[in-house]
Amino acid sequence: MHTNPTSPLLQLGGMQVAYGGIKAVKGIDLELYRGELVSLIGANGAGKTTTLNAIAGSLKIAGGEILYEGEKIHVLPAHKRLRRGIALVPEGRGIFTRLTVEENLRMGAYTRNDTDAIEQDLERVYSMLPRVKERLAQIAGTLSGGEQQMVAIGRALLSRPKLLLLDEPSMGLAPLVVEKIFEVVQSVAKEGVTILLVEQNANLALEFSQRAYVMESGKITLTGSGAELLTNPKVRAAYLGEAA
Amino acid sequence: MEIFLQQIVNGLVVGSVYALVALGYTMVYGILGLINFAHGDLVMVGALTALQTMMFLMGVAPGMSPVAMLTLSLLVAIPVCMLLAFTMERLAYRPLRNAPRLAPLITAIGVSFLLQTLAMIVWGRNYHTFPQLISTTPVQPIEGVFITPIQITIIIVSALMMAGLILLVTKTKLGRAMRATAENHRVAALMGVDTNMIIALTFVIGAALAAVAGVMFASNYGIAHYGMGFMPGLKAFTAAVLGGIGNLGGAMLGGVVLGLVESFGAGYIEQATFGFLNSSYQDIFAFIILGLVLIFKPTGLLGERVSDRA
Ligand SMILES: Nc1ncnc2c1ncn2[C@@H]1O[C@H](COP(=O)(O)OP(=O)(O)OP(=O)(O)O)[C@@H](O)[C@H]1O
Ligand SMILES: [Mg+2]
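Heads up: the sequence lines are chains A and B, in that order.
In terms of the numbering used here, the numbers along the first sequence are unbroken and rise by one, the last being 244.
In terms of the numbering used here, the numbers along the second sequence are unbroken and rise by one, the last being 554.
Mixed in with the good hints there might be a few duds.
Said to hold, decoys possible - Okay, derived cross-link-like pairs now, DMTMM-like style, lysine to aspartate or glutamate, Cα gap no bigger than 25 Å in a straight line:
#1 A/190 / A/31
#2 B/417 / A/134
#3 A/60 / B/427
#4 A/180 / A/119
#5 A/180 / A/191
#6 A/234 / A/207
#7 A/133 / A/179
#8 B/415 / A/134
#9 A/72 / B/438
#10 B/415 / A/123
#11 B/417 / A/114
#12 B/415 / A/116
#13 A/133 / B/427
#14 B/417 / A/102
#15 B/417 / A/121
#16 A/72 / A/29
#17 A/60 / B/438
#18 A/219 / A/31
#19 A/80 / B/438
#20 A/162 / B/438
#21 A/80 / A/31
#22 B/417 / A/116
#23 B/417 / A/119
#24 B/415 / A/114
#25 B/417 / A/123
#26 A/26 / A/91
#27 B/415 / A/102
#28 A/80 / B/427
#29 B/415 / A/121
#30 A/23 / A/91
#31 B/415 / A/119
Unchecked claim - Output of the computed footprint for chain A on chain B, the stretches with three or more beta carbons under 8 Å from beta carbons of chain A:
#32 417-430
#33 433-447
Unchecked claim - Residues on chain A that point at chain B, a partial pick, calculated with CB under 10 Å:
#34 57
#35 78
#36 94
#37 95
#38 107
#39 109
Hints were generated in silico from the structure; no laboratory data involved.
Even glycine gets a Cβ: it sits at the ideal position worked out from N, Cα and C.
Taking the hints into account, I'd like the entire structure generated from these sequences.
What follows is the structure in structure tokens.
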């Protein structure tokens with residue numbers, strides 16, 4: 001379409017999200033340019049998951065706007081936002097536990113009709129995640145946490161997203177598995193997919209990201225390049241477990 | 245031995261009808277956690293709509309073959325029930341999607357009364373003779389065991405419809421989306437699934453099965469009436485619970501088992517109670533079963549776990 005390539009792919013303007021009457025996200029501004037890997041870090045309860053859910057359409061916003069490719073997409077239901085290229089790997093993975101691994105992956109391609117390309121994309125996911133391939137017929141609920149996370153990421157990739165939202169992909173996983181998952185995230189980023197990554201593991205997230213936003217109780221309090229924030233004493237104190 | 249086989253035949257016939265209706269209960273429960281008490285009344289609407297169509301056809305095309313007439317009346321009854329179920333979901337249940345669980349349940353009972361009252365206004369309070377377009381003259385595949393062509397039709401049509409449904413749900417992309425939505429609406433929507441459409445579709449498919457069940461039920465007994473959906477509805481609900489509500493295979497199994505229990509029960513109740521009760525009391529078996537299942541195995545025969553939503 002005729003959108004300016006230098007304009008942001010995603011732009012949150014004063015976005016607010018509330019649960020009942022209580023605001024969890026209190027008017028945040030955030031920009032994401034095509035091809036960027038940006039992370040959003042912050043303490044428990046800061047509003048990171050709420051932010052991602054609002055972008056993907058699982059939650060309605062209470063104020064402000066969400067511009068995607070220059071259009072106000074906050075009026076669209078979640079299923080239409082996926083069709084526009086926004087995929088979320090939700091916190092806790094959101095695997096369909098009663099479906100098989102293969103069925104889970106194919107759900108990712110639900111909106112697509114290009115059968116041959118879907119098969120090719122499945123092969124690519126298998127080559128990226130060989131452990132998934134060995135378990136295609138297994139009921140997904142019986143997978144280990146790491147395997148489920150890989151299925152969740154593979155499933156999101158099968159929609160061929162332009163914007164991939166990842167909510168704590170490393171949660172509860174062993175260091176080796178986390179490493180593997182970050183390899184996958186990096187290779188996806190290299191292919192040009194724009195990524196917004198939420199992580200508790202701030203060290204890891206900042207190392208991998210070009211830019212980052214720091215969120216505290218519903219507001220964005222700091223932003224900068226990954227390297228800057230890694231060396232920022234406030235960030236080190238709050239999120240990287242160092243004495244100030 | 246003949247009596248035994250005869251009871252199996254009778255049980256299978258009634259059981260297939262229960263199974264078809266039970267599928268509608270269980271599919272809606274599986275996707276919304278709602279017991280749609282108005283589902284049984286779709287059986288009645290299906291039968292009475294088909295009856296109306298037959299009367300009309302007999303008027304305008306008296307020479308029409310019975311099979312053509314039955315087919316045409318099904319082709320009217322099925323979409324009417326589908327449309328009705330679609331409207332019901334849209335107007336009565338969707339606005340209550342996030343309401344406390346009791347609200348849609350009470351609404352469902354209200355919708356059931358509404359449908360019966362409307363049917364009473366349209367078709368009156370009387371029992372109508374339902375044309376038996378497929379022969380009811382019994383044949384004897386085995387000496388001493390009787391089965392009518394309509395009963396054979398009921399068993400075959402039900403089996404085909406159930407097989408079709410299983411294929412749809414387990415083998416197609418749509419079926420996969422239905423199962424995904426049943427498990428998690430939010431994540432299904434994140435996959436691009438229009439979950440409202442899938443939920444509406446679930447109601448509509450159940451309604452189609454109920455319409456067919458209604459026409460077969462009325463054809464078998466030769467009678468139709470505005471309240472005729474209540475008992476089979478309740479029995480089918482029992483069958484769904486017996487099989488494990490939310491589970492498609494369970495609804496089918498529950499329907500057939502309930503049909504067999506009733507048929508054997510009706511056969512032996514007189515001897516068992518020394519003549520105190522006779523076969524017209526056969527309806528009690530469904531409720532004894534419902535009670536026993538709820539007390540001893542609330543997950544039903546095939547249900548893995550009782551949903552915490554129940
Ligand atoms: N469904 C909900 N209903 C009410 N309040 C909620 C709900 N979900 C989140 N909240 C509240 O909103 C705030 C932000 O929560 P959110 O899950 O977005 O935080 P988070 O940054 O993702 O935290 P974590 O790192 O623990 O995942 C918290 O105060 C939380 O209690
Ligand atoms: Mg979170």
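Do the hints match the structure? See the list:
1. A distance of roughly 19 Å separates the Cα atoms of residue 190 of chain A and residue 31 of chain A; the hinted pair therefore holds under the 25 Å criterion.
2. Between residue 417 of chain B and residue 134 of chain A the CA atoms are separated by roughly 22 Å; this keeps the pair inside 25 Å, and the hint holds.
3. About 22 Å separates the Cα atoms of residue 60 of chain A and residue 427 of chain B, which keeps this hinted pair within 25 Å; it holds.
4. Restraint check for residue 180 of chain A and residue 119 of chain A: the C-alpha separation of about 23 Å stays at or below 25 Å, so the hint holds.
5. The suggested pairing of residue 180 of chain A with residue 191 of chain A holds, with an alpha-carbon distance near 17 Å, which does not exceed 25 Å.
6. Pair hint residue 234 of chain A plus residue 207 of chain A holds up; C-alpha atoms about 17 Å apart against a cutoff of 25 Å.
7. Among the hinted pairs, residue 133 of chain A with residue 179 of chain A is consistent with the structure: their alpha-carbon atoms are about 19 Å apart, no more than 25 Å.
8. Restraint check for residue 415 of chain B and residue 134 of chain A: the C-alpha separation of about 21 Å stays at or below 25 Å, so the hint holds.
9. Note on residue 72 of chain A and residue 438 of chain B: the hinted pairing holds, with a Cα-Cα distance of about 20 Å set against a maximum of 25 Å.
10. Between residue 415 of chain B and residue 123 of chain A the alpha-carbon distance is near 21 Å, which keeps this suggested pair within the 25 Å criterion.
11. Between residue 417 of chain B and residue 114 of chain A the CA atoms are separated by roughly 14 Å; this keeps the pair inside 25 Å, and the hint holds.
12. Taking the CA atoms of residue 415 of chain B and residue 116 of chain A, the gap is about 18 Å. The hint holds against a cut of 25 Å.
13. Distance hint between residue 133 of chain A and residue 427 of chain B is fulfilled; the C-alpha atoms sit about 23 Å from each other, no more than 25 Å.
14. Pair hint residue 417 of chain B plus residue 102 of chain A holds up; C-alpha atoms about 12 Å apart against a cutoff of 25 Å.
15. Proximity of residue 417 of chain B to residue 121 of chain A is assessed by CA-CA distance (about 17 Å); at most 25 Å being required, the pair is judged to hold.
16. Our distance criterion of 25 Å between C-alpha atoms is met by residue 72 of chain A and residue 29 of chain A, whose separation comes to about 14 Å.
17. At roughly 16 Å between alpha-carbon atoms, residue 60 of chain A and residue 438 of chain B fall within 25 Å of each other, so this suggested pair holds.
18. Proximity of residue 219 of chain A to residue 31 of chain A is assessed by CA-CA distance (about 14 Å); at most 25 Å being required, the pair is judged to hold.
19. Under the criterion of a C-alpha separation no larger than 25 Å, the hint pairing residue 80 of chain A with residue 438 of chain B is consistent with the structure, at around 8 Å.
20. This hinted pair checks out: residue 162 of chain A and residue 438 of chain B have alpha carbons roughly 20 Å apart, not beyond 25 Å.
21. For the hint linking residue 80 of chain A to residue 31 of chain A, the alpha-carbon distance of about 21 Å falls within 25 Å, and the restraint holds.
22. Restraint check: the Cα-Cα separation between residue 417 of chain B and residue 116 of chain A comes to about 15 Å, which is no more than 25 Å; the hinted pair holds.
23. Of the pairs offered as hints, the one joining residue 417 of chain B and residue 119 of chain A holds, with about 14 Å between alpha carbons and a cut-off of 25 Å not exceeded.
24. For the proposed pair residue 415 of chain B and residue 114 of chain A, the alpha carbon gap of about 18 Å is at most 25 Å, so the pair holds.
25. A threshold of 25 Å between alpha carbons decides the hint, and for residue 417 of chain B with residue 123 of chain A the separation of about 19 Å falls inside it, so the pair holds.
26. Distance check on the hinted pair: residue 26 of chain A and residue 91 of chain A sit about 21 Å apart at the alpha-carbon level, within 25 Å; holds.
27. Distance hint between residue 415 of chain B and residue 102 of chain A is fulfilled; the C-alpha atoms sit about 12 Å from each other, no more than 25 Å.
28. Note on residue 80 of chain A and residue 427 of chain B: the hinted pairing holds, with a Cα-Cα distance of about 20 Å set against a maximum of 25 Å.
29. A distance of roughly 21 Å separates the Cα atoms of residue 415 of chain B and residue 121 of chain A; the hinted pair therefore holds under the 25 Å criterion.
30. Simply put, residue 23 of chain A and residue 91 of chain A have alpha-carbon atoms about 20 Å apart, close enough for the 25 Å limit, and the pair holds.
31. A distance of roughly 17 Å separates the Cα atoms of residue 415 of chain B and residue 119 of chain A; the hinted pair therefore holds under the 25 Å criterion.
32. A count of 8 residues in the stretch 417-430 of chain B with a Cβ less than 8 Å from any Cβ of chain A is obtained; the coverage claim is therefore met, three being the minimum.
33. With 7 residues bearing a CB less than 8 Å from a CB of chain A, the stretch 433-447 of chain B meets the requirement of three and the coverage assertion stands.
34. For residue 57 of chain A, the suggested interface contact is upheld, since its CB lies about 7 Å from the closest CB of chain B, less than 10 Å.
35. Taking 10 Å as the C-beta cut-off, the interface hint given for residue 78 of chain A holds, the closest approach to chain B being about 4 Å.
36. At its closest, the beta carbon of residue 94 of chain A sits 4 Å from a beta carbon of chain B; the interface hint therefore holds under the 10 Å criterion.
37. Taking 10 Å as the C-beta cut-off, the interface hint given for residue 95 of chain A holds, the closest approach to chain B being about 8 Å.
38. Using the Cβ-Cβ criterion of 10 Å, the hint placing residue 107 of chain A at the interface with chain B is satisfied: the shortest such distance is roughly 5 Å.
39. Taking 10 Å as the C-beta contact cut-off toward chain B, the hint placing residue 109 of chain A at the interface holds, the least distance being around 9 Å.
Taken one by one, the earlier hints all hold for this structure without exception.
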